[in-house]
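Q: Quick mapping for you: the protein sequence lines, in order, are chains E and D. Taking the numbering used here, the leading residue of the first sequence gets 1, the next gets one more, and so forth. Taking the numbering used here, the leading residue of the second sequence gets 1, the next gets one more, and so forth.
A few of these clues could be false.
[What the hints assert, rightly or not] Pairs of lysine-lysine, BS3-like flavour, derived with a Cα cap of 25 angstroms: (1) D/K116 with E/K197; (2) E/K95 with D/K216; (3) D/K216 with E/K126; (4) E/K180 with E/K216; (5) D/K37 with D/K3; (6) D/K197 with E/K95; (7) D/K197 with E/K216; (8) E/K126 with D/K126; (9) E/K89 with E/K116; (10) E/K126 with D/K197; (11) E/K89 with E/K33; (12) D/K215 with E/K126; (13) E/K215 with D/K3; (14) D/K33 with E/K215; (15) E/K116 with D/K116; (16) D/K33 with D/K116; (17) D/K95 with E/K3; (18) D/K95 with E/K116; (19) D/K2 with D/K94; (20) E/K216 with D/K95; (21) D/K215 with E/K94.
[To be verified] Distance ranges between label pairs, derived from CB positions: (22) D/K215 with E/R110: 47 to 57 angstroms; (23) D/E56 with E/R110: 21 to 31 angstroms; (24) E/G160 with D/H47: 39 to 49 angstroms.
None of these hints come from the bench; they were simulated from the model. Ideal placement from N, C-alpha and C gives every residue a C-beta, glycine not left out.
There are 2 protein chains.
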Amino acid sequence: MKKEFVVIGLGRFGGSIVRELIEQGMDVMAIDKFEDKIDQFANIATHAVMADSTDESVLRSLGIRNFDHVIVAIGDDIQASILTTLMLKEIGVKKITVKAQNDYHEKVLRRIGADKVVHPERDMGKRIAHNIVSNNVLDYLELSDEHSIVEIVANDHLIGNTIIGLDIRAQYGINIVAIKRKDDIIVSPQATDEIQKEDILIVIGADTDINRFEKKVMQSS
Amino acid sequence: MKKEFVVIGLGRFGGSIVRELIEQGMDVMAIDKFEDKIDQFANIATHAVMADSTDESVLRSLGIRNFDHVIVAIGDDIQASILTTLMLKEIGVKKITVKAQNDYHEKVLRRIGADKVVHPERDMGKRIAHNIVSNNVLDYLELSDEHSIVEIVANDHLIGNTIIGLDIRAQYGINIVAIKRKDDIIVSPQATDEIQKEDILIVIGADTDINRFEKKVMQSS
Ligand SMILES: Nc1ncnc2c1ncn2[C@@H]1O[C@H](COP(=O)(O)OP(=O)(O)OP(=O)(O)O)[C@@H](O)[C@H]1O
Ligand SMILES: Nc1ncnc2c1ncn2[C@@H]1O[C@H](COP(=O)(O)OP(=O)(O)OP(=O)(O)O)[C@@H](O)[C@H]1O
Ligand SMILES: [Ca+2]
Ligand SMILES: [Ca+2]
Ligand SMILES: [Ca+2]
Ligand SMILES: [Ca+2]
Chain E
1 MKKEFVVIGL GRFGGSIVRE LIEQGMDVMA IDKFEDKIDQ FANIATHAVM
51 ADSTDESVLR SLGIRNFDHV IVAIGDDIQA SILTTLMLKE IGVKKITVKA
101 QNDYHEKVLR RIGADKVVHP ERDMGKRIAH NIVSNNVLDY LELSDEHSIV
151 EIVANDHLIG NTIIGLDIRA QYGINIVAIK RKDDIIVSPQ ATDEIQKEDI
201 LIVIGADTDI NRFEKKVMQS S
Chain D
1 MKKEFVVIGL GRFGGSIVRE LIEQGMDVMA IDKFEDKIDQ FANIATHAVM
51 ADSTDESVLR SLGIRNFDHV IVAIGDDIQA SILTTLMLKE IGVKKITVKA
101 QNDYHEKVLR RIGADKVVHP ERDMGKRIAH NIVSNNVLDY LELSDEHSIV
151 EIVANDHLIG NTIIGLDIRA QYGINIVAIK RKDDIIVSPQ ATDEIQKEDI
201 LIVIGADTDI NRFEKKVMQS S
């Protein structure tokens with residue numbers, strides 16, 4: 001069953017959502033008030049419609065009500081973002097995700113019934129800062145406030161050692177869930193597997209334990 | 001050894017980087033050309049300086065050269081972003097990360113020597129679209145073009161079964177690396193562990209295999 005989405009606002013964030021939803025085989029109606037955006041998405045989205053989303057009659061005439069999920073990706077015009085969300089809610093849209101510009105904006109959006117509120121720039125800033133601090137960490141997934149899965153580049157201190165030899169689990173309380181070696185992913189590596197040059201270790205554990213391990217890895221590089 | 005960073009441009013993205021770097025214990029000089037931004041970050045950053053980064057004499061007088069890493073988070077003014085990057089490079093800054101607005105912008109930045117170019121809105125759009133498509137998937141980490149680690153909400157079809165009983169590894173070729181249960185993270189769950197209501201499964205595998213598993217999980221919910 002193909003899901004049907006509406007994306008309102010085709011800036012970098014909204015535009016990227018349209019592309020990815022289409023790539024995943026979804027139906028997407030893309031809406032923007034500027035013609036150049038509509039031209040840009042005419043061949044990408046299932047439908048591209050030039051409309052001002054703060055005009056309720058327009059929203060109704062497009063049959064927005066019948067879509068599964070509407071994403072409001074309007075940026076600088078906070079008033080338009082709030083008004084659009086309010087009307088989508090009144091029309092009876094089942095699921096509404098909205099991009100917020102700040103905490104105050106988020107508060108208003110939640111009060112009027114937005115199901116999900118996202119802060120793309122803020123979240124990505126956090127992510128990138130995290131990756132920047134330690135050069136060995138490539139990417140990560142936060143499992144909870146205290147646990148993460150982290151990609152760590154193996155350095156000279158680790159290369160040539162076996163997993164059991166490094167005694168990582170006992171020494172740091174973390175586990176290597178996989179090793180990225182060139183184009184391969186080695187899931188659940190054996191304790192006797194030797195770490196090679198350019199390996200990327202995918203480790204899981206408490207943030208404090210992972211940090212301790214990162215420090216150790218960095219120190220000696 | 002405390003690392004020293006400069007962040008130029010205190011919009012949502014740049015501002016979030018400043019906050020996160022400070023939280024991680026780093027030294028951060030925050031620069032913006034608008035006074036209200038400087039007021040906002042005066043008590044957050046190590047130093048907050050009002051300056052136009054396209055003015056080379058200003059950059060030199062601030063001793064930018066001696067910092068470990070400069071992040072250029074200027075948005076709409078692409079010309080200022082490019083000019084700033086060019087001068088940072090000429091001054092001899094070791095590491096420069098720049099936010100790009102589009103592919104053309106990225107191309108120019110790389111040509112003039114930016115070490116890392118990021119597209120926060122685009123990347124987060126992709127991420128959020130991915131999470132939106134399947135309601136059961138909460139978050140994910142791409143390990144390669146073909147492999148990921150994904151957080152999947154357990155549904156009625158899974159609850160009450162043991163991992164060995166579901167035969168997930170043989171049936172789908174994926175592994176459960178952890179289970180998120182309320183505030184706990186159970187790393188490397190036992191084959192005989194029973195999946196409980198509201199469990200979140202952290203699985204690793206090929207995207208095609210994970211998709212197959214997701215479909216199965218969703219179908220029957
Ligand atoms: N009332 C409206 N109806 C339809 N589209 C709108 C409306 N208001 C704004 N938009 C569109 O929303 C898009 C995103 O807005 P804007 O460029 O302000 O956001 P942004 O946060 O700077 O974007 P980015 O995702 O690139 O960071 C623009 O293309 C704009 O034309
Ligand atoms: N030449 C410059 N020197 C210093 N700061 C600058 C310069 N040009 C722009 N800035 C600052 O960069 C910040 C970010 O720019 P802008 O708001 O255009 O980006 P944006 O991409 O919309 O931001 P966001 O991260 O919120 O999406 C602004 O606070 C702006 O004042
Ligand atoms: Ca903007
Ligand atoms: Ca933006
Ligand atoms: Ca954390
Ligand atoms: Ca992928």
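Q: Okay, which hints does this one fail, numbers in order?
A: Numbers 3, 7, 10, 12, 14, 15, 17, 18, 22, 23, in rising order.
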